[in-house]
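So the protein lines, in turn, are chains A and B. Heads up, the first sequence is in the working numbering, so the first residue is 1 and it goes up one at a time. Heads up, the second sequence is in the working numbering, so the first residue is 1 and it goes up one at a time.
Please keep in mind that the hints were generated in silico from the structure rather than gathered at the bench. As the structure is a prediction and not an experimental result, all values here were calculated from the model. Just so you know, not all the hints are guaranteed correct.
[Said to hold, decoys possible] Label-pair restraints from in silico Cβ distances:
(1) B:Met-191 x A:Leu-284: 52 to 58 angstroms
(2) B:Leu-77 x A:Asn-41: 44 to 50 angstroms
(3) A:Leu-76 x B:Leu-57: 35 to 41 angstroms
(4) A:Pro-219 x B:Asn-93: 51 to 57 angstroms
(5) B:Leu-57 x A:Leu-42: 41 to 47 angstroms
[As the list claims (entries may be wrong)] Okay, derived cross-link-like pairs now, SDA-like style, lysine to any residue, Cα gap no bigger than 25 angstroms in a straight line:
(6) B:Lys-137 x A:Lys-67
(7) B:Lys-43 x B:Ser-20
(8) A:Lys-47 x B:Glu-35
(9) B:Lys-84 x A:Asp-14
(10) B:Lys-89 x A:Lys-268
(11) B:Lys-43 x B:Arg-190
(12) B:Lys-43 x A:Asp-64
(13) B:Lys-81 x A:Ser-22
(14) A:Lys-47 x B:Gly-161
(15) B:Lys-89 x A:Ala-301
(16) B:Lys-141 x A:Ser-332
(17) B:Lys-81 x B:Leu-58
(18) A:Lys-188 x A:Pro-219
(19) A:Lys-192 x B:Arg-184
(20) A:Lys-67 x B:Ile-96
(21) B:Lys-84 x A:Ala-63
(22) B:Lys-43 x A:Pro-276
(23) B:Lys-43 x A:His-174
(24) B:Lys-51 x B:Lys-32
(25) B:Lys-137 x A:Gln-73
(26) B:Lys-84 x A:Asn-18
(27) B:Lys-89 x B:Glu-79
(28) A:Lys-268 x B:Ile-193
(29) B:Lys-84 x A:Gly-23
(30) A:Lys-47 x B:Lys-32
(31) B:Lys-39 x A:Gly-23
(32) A:Lys-47 x B:Leu-58
(33) B:Lys-43 x A:Lys-188
(34) B:Lys-39 x B:Asn-98
(35) B:Lys-84 x A:Gln-73
(36) A:Lys-189 x B:Lys-43
(37) B:Lys-84 x A:His-174
(38) B:Lys-137 x A:Glu-48
(39) A:Lys-47 x B:Ser-20
(40) A:Lys-47 x A:Trp-69
Ideal Cβ placement from N, Cα and C applies to all residues, glycine included.
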Amino acid sequence: MGDFSQIEDFLNDDSFINWVLSGTEDSHWELFITTYPEKINLLLQAKEIVRTLYAAEDISFPADSAKTWSRIQQTLHSDPPFTTISSKFSTILRKNLMSSMLLLLMLTGTIWYFSNQKTDSYTRILSERAAGFSLLEKVNNSPAPMEVLLPDSSIVTLQRHSKISYPPQFDSLHREVYLTGEAFFKVKKDRKPFYVYAGDLVTKVLGTSFNIKAIEGEPEVVVHVRSGSVSVSAKEQKSFGPRLKAQSTILLPNQEVTYNRNAASLNKTIAATPSPVFPLSESLLKEYDEVPVTQLLNTLAQIYGINILFSEENLASCIITTNLTNQTLFESLEIICSTIGATFNIIDAQIVIDSTGCSPAE
Amino acid sequence: MSDVMEQVSTFLGIATVSDSELWDRFRAGDQKSYEILYKRHFKILAQYGYKISGDPLLTEDAIQDVFIDLWRRRSFLSETKNPKFYLFKALRNQLIRNGRNDVFDKSNDIDEFLDYLVTLSEEQQLIEHETRTDQVKHIRKAISQLSPRQQEVITLRFYHGMSIHDISQLMTLSPQSVNNLLSRSYAVLRMIIHFLSMLIVNVTVF
């Protein structure tokens, strides 16, 4: 239980939870507040958390109380009249009835299974292979990029010496294309997931824009996300179709992953030239006059959707005056770091600022 | 629920009856008390059942089975200080009996979460002031990324206000395990919400 020095102490207290949810033991908690006024902030935060979690859990689903009740009534009314002896008898009868019904259900289930010809991945592969003959292929042999319009209105910008294959119509469950070379994808948002098979890598998206580079003969495949997010998996040798269990990672805007075909490794990093996640936020790249460096770093993090990690303490006294108009992310970071005598590194697709702080004069 | 209670109180001509009183009366064969028990607890049982099974029909069927069983076996039941807990336990067991293999074992659909991220990031504008509804939506999304057990403790603790002791009995875990589940849930929620706050300006910081 502890001395309520942390929020979790409140959350772990049964009486506190009861008080927030149903107002019980009000006097006890009123007394607590008057006895420990310094804990009021903590208490209010904990209270807010409980309230918010309650609201989040207050899901309404179409549960029909009346309908369920009438079914209960119907069942009970068709029970044999109650006596101690006959209830035992009806239990035996019910048990037999239930096991024969179970058997019937199992039989029905099995028949349904066979008649529906449930497609497993093997059947799908066969049909894929067969359908493989009816895939359309677009090849770009010119030095300029070539635009390809897919059946779902997604646009693919095919780089030179690249090929893309896709069915004339996507099937009802997926949108699948095959790529060799390099292309930029602008995928139309749709219920059906979009898969790109390129050099042993499968990129799965729902609607976003990204670039894939899978040049034949080169050991590396690179996927770079411009907007939205994708899930990238290295395809298992034996499996076909989208059921992948091998290593996978999620890419967010301005991140890119490099897959090495030989080493079968996925390396995630920040894109070379990150672009703002929300185009309008470019207006935040402007002149800043005497602002805390921490604030500026947080703003940059939000603009580019990238984590920037730094020590709040160390940078607390750092103030900066600068103009970030038209600067790229890395240029901005260079400017800020050289002003305060810090350095930055990219570690695991995050930016880490290393600084010993600022003297009051800075 | 309150209007039902008023109806009932008027009908019975008494002040609101406690759960244990209702329980004893129904065990003795009082159909009206049985009905009140049902009406009083249906909504919270439905929330719990749906939360852990994810299936509204399965939940309704399970509640039905629980109450049918309850009436049929009423003379074999003993008194209890906490009928609500008994009903929760009965429902949980019933869902396990009735359910398909995937009850309690819903795998995280990361695709759904990705879809959510795509929607957020495609909003094409900085979201300045989040409404309360948006915040709750984000928390709900964050909670859905917890493991099934973690989700179950969260709902039992923060929606049903259950004590650690009762939760441990219901889920057949030690109280320490329940506390661990809660701690881990807080940590994961904090992480996810912090991540979401990178995309959005004003999310309640945990």
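Hints and how they fare:
no.	hint	verdict
1	B:Met-191 x A:Leu-284: 52 to 58 angstroms	26 angstroms, violated
2	B:Leu-77 x A:Asn-41: 44 to 50 angstroms	48 angstroms, holds
3	A:Leu-76 x B:Leu-57: 35 to 41 angstroms	21 angstroms, violated
4	A:Pro-219 x B:Asn-93: 51 to 57 angstroms	55 angstroms, holds
5	B:Leu-57 x A:Leu-42: 41 to 47 angstroms	43 angstroms, holds
6	B:Lys-137 x A:Lys-67	30 angstroms, violated
7	B:Lys-43 x B:Ser-20	19 angstroms, holds
8	A:Lys-47 x B:Glu-35	35 angstroms, violated
9	B:Lys-84 x A:Asp-14	17 angstroms, holds
10	B:Lys-89 x A:Lys-268	46 angstroms, violated
11	B:Lys-43 x B:Arg-190	30 angstroms, violated
12	B:Lys-43 x A:Asp-64	9 angstroms, holds
13	B:Lys-81 x A:Ser-22	19 angstroms, holds
14	A:Lys-47 x B:Gly-161	13 angstroms, holds
15	B:Lys-89 x A:Ala-301	47 angstroms, violated
16	B:Lys-141 x A:Ser-332	33 angstroms, violated
17	B:Lys-81 x B:Leu-58	28 angstroms, violated
18	A:Lys-188 x A:Pro-219	30 angstroms, violated
19	A:Lys-192 x B:Arg-184	34 angstroms, violated
20	A:Lys-67 x B:Ile-96	23 angstroms, holds
21	B:Lys-84 x A:Ala-63	19 angstroms, holds
22	B:Lys-43 x A:Pro-276	46 angstroms, violated
23	B:Lys-43 x A:His-174	38 angstroms, violated
24	B:Lys-51 x B:Lys-32	29 angstroms, violated
25	B:Lys-137 x A:Gln-73	38 angstroms, violated
26	B:Lys-84 x A:Asn-18	15 angstroms, holds
27	B:Lys-89 x B:Glu-79	15 angstroms, holds
28	A:Lys-268 x B:Ile-193	22 angstroms, holds
29	B:Lys-84 x A:Gly-23	19 angstroms, holds
30	A:Lys-47 x B:Lys-32	38 angstroms, violated
31	B:Lys-39 x A:Gly-23	23 angstroms, holds
32	A:Lys-47 x B:Leu-58	34 angstroms, violated
33	B:Lys-43 x A:Lys-188	41 angstroms, violated
34	B:Lys-39 x B:Asn-98	22 angstroms, holds
35	B:Lys-84 x A:Gln-73	21 angstroms, holds
36	A:Lys-189 x B:Lys-43	37 angstroms, violated
37	B:Lys-84 x A:His-174	46 angstroms, violated
38	B:Lys-137 x A:Glu-48	15 angstroms, holds
39	A:Lys-47 x B:Ser-20	30 angstroms, violated
40	A:Lys-47 x A:Trp-69	36 angstroms, violated
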